[in-house]
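Engineer: What follows is each chain in one-letter form.
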Amino acid sequence: MSATTSAPALAGRPQSDRGWRRFATITLTLAKNEFKVRYFGSVLGYLWSLMRPLMVFGVLYVVFTHVVRFGGDIQNYPLKLLLAIVLWSFFAEATGQSIASLVQREGLLRKVPFPPAVIPLSVALTSSFNLGLNLVVVIVFVLVTGIAPALSWLELLPLLLLLIALTVAVSMLLAVLYVPFRDMAPIWEVATQMLFWGTPIIYVIETVPKGAREILMANPLAAIIEQARHAMIDPSAPSAAASSGGAVRLLIPLAVVAILLALSLVLYRRARSTLAERL
Amino acid sequence: MAGEPQAAAITVEHVSKRFRVPKERYGTLKERALHGFRRGGYETLEGLHDVSFSVQPGEFFGVVGRNGSGKSTLLKCLAGIYSTDEGSIRVDGRMSTFIELGVGFNPDLAAEDNVVLNAILLGLSPSEARRRVDAVIDFAELREFKDMKLKNYSSGMYVRLAFAVMIQVDAEVLLIDEVLAVGDAAFQHKCYREFNRMREDGRTILFVTHDMSAVNRFCHRALLLERGRVVSMGIPHEVSGEYLAVNFRHERKVDATEATDPLRDRAAFIAEAWFEDERGERVEFLTQGQSCVCRVRVEINWELHDPTFVLAIESEGGARVFATSSAWLGQETGSFTAGEQVVFSVTFDNPLAPGRYYISPQVTLLTGPQAGVVDRRDRAAATVVTGTDDDGALVSIPHDFTLERISARELSA
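Listed in order, the protein sequences are those of chains A and B. Under the numbering used here, the first residue of the first sequence is numbered 3, with each subsequent residue one higher. Under the numbering used here, the first residue of the second sequence is numbered 10, with each subsequent residue one higher.
Next comes chain B alone, as it looks inside the complex:
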């Protein structure tokens, strides 16, 4: 085959998968007998629709998508657990599937038996499995608990053991489903290290997740699934940006229904809030480091004197990242009459780390007989920041990083 392109490790061509869900489910023979064996109606759920892609040998390939987008179905079709209705799947090389850590673990057996069983289920032969028991137990750092029944293990020990088996299974093609969702930070760190090692070993890995930072970190390429269809495929950063946008669009619908809330019977009503990019176009996602504008439109229903307009930016986790208000202007905002509208804007160079953020605007009266909140809308608008600088912090402040080396001789002098 010299001269021809190298065969793909995984080839998926026009794969469709439908689930037939009976409208009335007869769970027993009695019900079947009473209702006859006629076929009740079926509802067809489309799990996957015309999915095609290929993964090259040695590639770390990410599959991302929201819950229910079909990514686990795809993985199960690849693994051969589900059959496909249309299309073909070819896998070249020895394959192992990790849909869950510790599959088949029996709590009533000691670590050793469980390691052997788990390894066999993952595709090792019994002799290979037994040969690796020691390596697995050492990696999991569980030597002194080797003979303990698994039911007496702590959850951390359990996960460590399961993960240790997984990395001992040296298949050429690995299918991994959100294995990293478990475990504490230290354990996840260990997982990441192993992932890097596998990646450097040139294994072919198909990784299903909704952890975008993991996709950006490990994957050579990624594929975005939405309702069983391939929405985009390519460089991880672009795909994860689109994933966040898809997610965001979904949330927007929820916001829109809330916006029809009829509580307009107040002096001022926060009608809408949105983000604009540096060209002044409304956007649903922002790029880190670029100039952007938050705007809020307020409808005035009754006469108002010197209201204060407040704007806060909140992170997904609810942390107040930034807040500002018209009070900082140092002057009165003036008097407003019924029917007027106010649009206030905050312009800044976006320092936010990648993730989802919300604007929570507020109109208040600081003085006068009606002092208090006139209107507030928590999370009136959302945006998704995309960027490369994802180190887990909320903001990325422009800064210099310097390093100065002081030798031992200088110190003693």
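So that you can see chain A by itself, here it is in the shape it has in the complex:
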């Protein structure tokens, strides 16, 4: 042993001084690269990703307005449907792709020191880029239909932030739970289906009986989608506050997002030091 070990430690753990910047840089770079691969890799790149929500929209639209004869009396039903599907697709895509992301990126996690939360975060971020592009399409449709832009559209920003926060929290939780529980993927698939029908995407919240409505509105996705519809497409539709039975009740979906976020932060903080060896 050398004599200098008694000298005071000048530095803490590696990179601790630049920890947050490094965290953000890696997340952003991974997300940008993934986005590039997806959209510049093939000629139709972005078109393909746009096709998916549009196709889902098309199918649901035809089925529910022409076959089941639903939504006829709902104002601007096609637009509402499109907006809801774009928002939902973001959530479903990001969470579905995050779930195995930590395990898939094992090689990286075992060889470079960086916080594991970067991986699901970067997946969610790539999906947010996509969400941004899809929203442009929604706005084009809305304008074409003849709805004039209104100040209330600005509400979309906090709603999107909330949606991204929820998606990030769920993505991070799923990814870290997948490490010990490899059957999380099929479980989440079923859960996604249930969530889809439990969220006012193809139906609207007014058609839900009163008692059930308030329960449904505890789902943050329902609150976000209904409020987005109210703000952007149909001001006559009930706002999230109105459908949950009072603005105070909106604290429930907010609390759900906050709890999920806090839970994921706690889990990552705990898992950070041992995750690499458990993959």
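Mixed in with the good hints there might be a few duds.
[Said to hold, decoys possible] Which residues of chain A face chain B? A partial, calculated answer using Cβ under 10 Å: (1) I28; (2) E36; (3) Q77; (4) L111; (5) V142; (6) L145; (7) E279.
[Said to hold, decoys possible] Counterexamples of contact, computed for chain B against chain A with all Cβ distances above 12 Å: (8) G36; (9) E52; (10) V112; (11) G132; (12) D186; (13) R206; (14) E247; (15) G298; (16) E323; (17) G343; (18) F345; (19) G396; (20) P407; (21) H408.
[As the list claims (entries may be wrong)] Under the rule of at most 30 Å between Cα atoms (straight-line distance), these lysine-lysine pairs were calculated in the DSS-like manner: (22) B:K158 / A:K38; (23) B:K199 / B:K155; (24) A:K113 / A:K212; (25) A:K212 / B:K155; (26) A:K113 / B:K160; (27) A:K38 / B:K155; (28) A:K34 / B:K158; (29) B:K199 / B:K158; (30) B:K199 / A:K34; (31) B:K199 / A:K113; (32) A:K212 / B:K160; (33) B:K160 / B:K199; (34) A:K38 / B:K199; (35) A:K113 / B:K155; (36) A:K34 / A:K113.
Rather than coming from a laboratory, the hints here were simulated on the basis of the structure. Even glycine gets a Cβ: it sits at the ideal position worked out from N, Cα and C.
Could you slot chain B onto chain A? The hints should help.
Structural biologist: Here is chain B on its own, set in the frame of chain A:
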């Protein structure tokens, strides 16, 4: 802090790392639900045990050990990828970890994007990374392939690019894990040159490897790990000698089990073979240039007339470095009766280059009705030669090297 000793670049104090391996692994929620959430038994594997050392600024420090000795675990603990169970690790200065070349390379992206990503992962900021893209691509000599997707690169191009990124990352403390295991001879040569440059630049480098010649060449000091414990630490030559000895001891066990082979039902049986140093003591390793003896003990089971005793020395790679036999004596070895034993010896000044060598003895009958091999034992004993003269050749022949200069004027005259 004037007057006080300079702070170490890396300080490792009493570090222990255990891996908990569950005896029954429940990989799914379903299994967990069926078996309950009770804790199954865990088996504890000791990855590192009470490891302490420090590396001074500007030092090139080697960590050697066999596979599974804990050297990669140590590196990952230093890098912060694994947490430690006990002890403390301090790193002073900006650190970069190279556990694998080209970490995070995405085959679907062009060289430039990959260089930026890789450099960021290795610790550069995005602007630093982008500024160095050109230098990296020029060093890798890949300018005309800059926009090609990485999946279309040959493996050689890939490695060149990855290495070029690595040397552009100018951290003060570098952790390097067997990066040299890849690439062809020319590439390795380039790596060595860069290593020398980094060494001269005064970077602090911790280098994990089992390439002893690299340790001897670059490292100021080295540390030998065996089963997660520090076995020795000090001058590279001594440590690498001990490493070879540890390895050898391990192989010996395998040999010993083979020695119980019951094929004694033959006229002569090669019972054992061993090496002795110049003092006549059995040794497991030899020093280059010193006198040594190979001895082989043969048990005679039946009557034998004029057997020939052969001895060959083989290198690790299977090359026959040297062979001799009792036939060179120019006289009969005589008649032997059952129950007798013969020990034959070959004494020589050891010209072997550092590395592992084996004795393969043989007893044959050259004439008579039973002409043929009586007994042979391939690699009956092994030795490890240590020394400084490691130039890749098998033997080092005593020689003179002269240099004569002939001027142009003399040539034209």
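Engineer: Work down the list of hints and note, for each, if the structure agrees.
Structural biologist: Status of the hints after comparison with the structure:
Taken as an interface hint, I28 (chain A) checks out: its beta carbon lies about 6 Å from the nearest beta carbon of chain B, inside 10 Å. A hinted interface residue such as E36 (chain A) counts as satisfied when its beta carbon comes closer than 10 Å to some beta carbon of chain B; here the least separation is about 8 Å, so the hint holds. The restraint placing Q77 (chain A) at the interface with chain B is violated, with a minimum CB-CB distance near 44 Å, outside the 10 Å limit. Annotation: interface hint on L111 (chain A) holds; nearest CB of chain B at approximately 8 Å, less than 10 Å.
Because the beta carbon of V142 (chain A) sits about 30 Å from the nearest beta carbon in chain B, more than 10 Å, this interface hint is broken. With its C-beta approaching chain B no nearer than about 35 Å, L145 (chain A) sits outside the 10 Å limit, and its interface hint is violated. Nearest Cβ of chain B to the Cβ of E279 (chain A): about 6 Å, under the 10 Å cut. The hint holds. The beta carbon of G36 (chain B) is not kept farther than 12 Å from every beta carbon of chain A, the shortest such distance being approximately 5 Å.
The beta carbon of E52 (chain B) is kept farther than 12 Å from every beta carbon of chain A, the shortest such distance being approximately 14 Å. Its beta-carbon lying about 5 Å from the closest one in chain A, V112 (chain B) breaks the requirement of being farther than 12 Å from that chain. Its closest Cβ contact with chain A, about 7 Å, brings G132 (chain B) to no more than 12 Å, contrary to its assignment away from the interface. Not every Cβ of chain A is farther than 12 Å from the Cβ of D186 (chain B); the closest lies at roughly 9 Å, contradicting the non-interface assignment.
No Cβ of chain A comes within 12 Å of the Cβ of R206 (chain B); the nearest lies about 23 Å off, and the non-interface call holds. No beta-carbon of chain A is positioned within 12 Å of the beta-carbon of E247 (chain B); the least distance is around 17 Å. Against the 12 Å criterion, G298 (chain B) stays outside the reach of chain A, whose nearest CB is about 33 Å from its own CB. At roughly 38 Å from the closest C-beta of chain A, the C-beta of E323 (chain B) stays outside 12 Å, upholding its exclusion from the interface.
Distance check on G343 (chain B): its Cβ is at least 61 Å (rounded) from any Cβ of chain A, clearing the 12 Å threshold; non-interface status holds. Interface exclusion of F345 (chain B) from chain A stands, the closest Cβ pair being 59 Å apart, more than 12 Å. Here G396 (chain B) stays apart from chain A, with its beta-carbon at least about 28 Å from theirs, past the 12 Å limit. Every CB of chain A is more than 12 Å from the CB of P407 (chain B) (nearest about 40 Å), matching its label as outside the interface.
Against the 12 Å criterion, H408 (chain B) stays outside the reach of chain A, whose nearest CB is about 41 Å from its own CB. In summary, the hint linking K158 (chain B) to K38 (chain A) is supported, as the alpha carbons are separated by about 12 Å, within the 30 Å threshold. Taken as a hint, the K199 (chain B) and K155 (chain B) pair is honoured in the structure, with Cα atoms around 21 Å apart against an allowance of 30 Å. Of the supplied pair hints, the one linking K113 (chain A) and K212 (chain A) is violated, its CA atoms being roughly 54 Å apart against a limit of 30 Å.
Between K212 (chain A) and K155 (chain B), the direct Cα distance comes to roughly 62 Å. Violation of the 30 Å bound is thereby established for this hinted pair. Distance check on the hinted pair: K113 (chain A) and K160 (chain B) sit about 21 Å apart at the alpha-carbon level, within 30 Å; holds. About 17 Å separates the Cα atoms of K38 (chain A) and K155 (chain B), which keeps this hinted pair within 30 Å; it holds. As the CA atoms of K34 (chain A) and K158 (chain B) are separated by approximately 16 Å, the hinted pair is consistent with the 30 Å bound.
As the CA atoms of K199 (chain B) and K158 (chain B) are separated by approximately 25 Å, the hinted pair is consistent with the 30 Å bound. For the hint pairing K199 (chain B) with K34 (chain A), the CA-to-CA distance comes to about 33 Å; that exceeds 30 Å, so the pair is violated. Among the hinted pairs, K199 (chain B) with K113 (chain A) is consistent with the structure: their alpha-carbon atoms are about 24 Å apart, no more than 30 Å. As the CA atoms of K212 (chain A) and K160 (chain B) are separated by approximately 57 Å, the hinted pair breaks the 30 Å bound.
For the proposed pair K160 (chain B) and K199 (chain B), the alpha carbon gap of about 24 Å is at most 30 Å, so the pair holds. A hinted pair counts as satisfied when its Cα atoms are at most 30 Å apart, and K38 (chain A) with K199 (chain B) does not qualify at roughly 33 Å. Note on K113 (chain A) and K155 (chain B): the hinted pairing holds, with a Cα-Cα distance of about 26 Å set against a maximum of 30 Å. For the given pair, K34 (chain A) sits about 21 Å from K113 (chain A) by alpha-carbon distance, which is consistent with the 30 Å threshold.
Violated hints for the displayed structure, listed by number in ascending order: 3, 5, 6, 8, 10, 11, 12, 24, 25, 30, 32, 34.
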